[in-house]
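Produce the complete structure using the sequences and hints provided.
The sequence shown: position 301 = 296 (the numbering used here), numbered continuously.
There could be a bad hint or two in this list.
To be verified - Derived DEER-like restraints, expressed as beta-carbon distance ranges:
1) Y270 / P108: 15 to 25 Å
2) N159 / A127: 15 to 25 Å
3) G247 / G93: 25 to 35 Å
4) N159 / G247: 23 to 33 Å
Keep in mind that the hints were calculated from the coordinates and are not lab data.
Heads up, the beta-carbon is just placed ideally off N, CA and C, and yes, glycines get one too.
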Amino acid sequence: MHLTSSQLRDCIDRFPRVRLAALPTPLEECPRLSAIAGARLSMKRDDLTGLALGGNKTRQLEFIIARALAEGADVLVTMAALQSNQCRQTAAAGSKVGLPVHLVLRGEAPEVPDGNLLLDGLLGAQTITLPAEASKADINAAVNSLVVRLCDGGHRPYVVDLMNDDSPDQELAAISYALMVCELSDQSGGSAPDWIYLSSGSGGSATLAGTWIGCRALGWPTRVVGVSAGHVPDSVRNDTLEIASRAVKAMGLDLDASDEPQTMFMEPGFVGPGYGHATDEGLKAMRLAARAEGLVLDPIYTGKALAALIAHVRQDRVSPCDSAVFVHTGGTPLTFLHQFGSRIAGEN
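Written out as structure tokens, the structure is:
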């Protein structure tokens, strides 16, 4: 049985939550961009969630930080790549609720901090950096070592874990994006878009999983596409479905997320050389969004995702008659990385 938006909200409201985000984020029509791309596009502005330049992780942290506080945490620990949007938003969330934040970051820090790394410092986060070639196992080991040191010092750390697919934080992150779909429903008068496009990372995507859950719970036939920002293994779609399955169970929904070949898609073809590298198509999509609608995307995540949507329209994978919602998941600080400065603006 399909739920109404109000009923789905009731399922989600059972979970503790700390209000961090400016919600609901706007749903904006993009008439000039639509005319250029050749399909009816609108944009869900999750870059405007409001916490330290916003982004999709702020929604997720509302539920995760609530769990941390309920467990009596007095310090937060999290980990990701050097220029992680999630780490920046976790640092901001810690400031908001009065918890110090420690970051374990993979990558070589520049002499002059820029992008998210600059904001991490501004927000007061303490950082440990690992070599760029550090594996996920290396990062987990460094986090575990840090947690032991904090515990030995009398602290009660909570690890915000959105890196490992089996983390229970992934379920809460997915639930937050089912709530995003409730917003979409309310903003569109209950009308389902034909497509939703969003950026996804290099592992199972809680954002994609939660968006899919919301659509299925409301009975929407919407096809949800996650555009990978990094090279991903063939298992990443199943990893995303596993996150969805756990979130569905936690919410008590009567949905089968074990196999959904028709409505959830992973698009790995717009990564370019790899994670953290800009592509010509992504930069072109950034300029198009900026010059057609005054919208700022980023070169690592959302620029590539919009490039995929535009390419799919031109390949007739998305019909000109279809409606598509592009979820702008944030990443604004990445636009200001020194390494991309000469490439972003392009020719006027």
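Hint check:
1. In this structure the supplied range 15 to 25 Å holds for Y270 paired with P108, their Cβ-Cβ distance being about 20 Å.
2. Under the hint 15 to 25 Å, the C-beta atoms of N159 and A127, about 19 Å apart, fit the expected range.
3. In this structure the hint that G247 and G93 lie 25 to 35 Å apart at CB holds, the actual value being about 32 Å.
4. For N159 paired with G247, a C-beta distance near 24 Å keeps the hint of 23 to 33 Å intact.
When the structure is compared with the earlier hints, no violation turns up for any of them.
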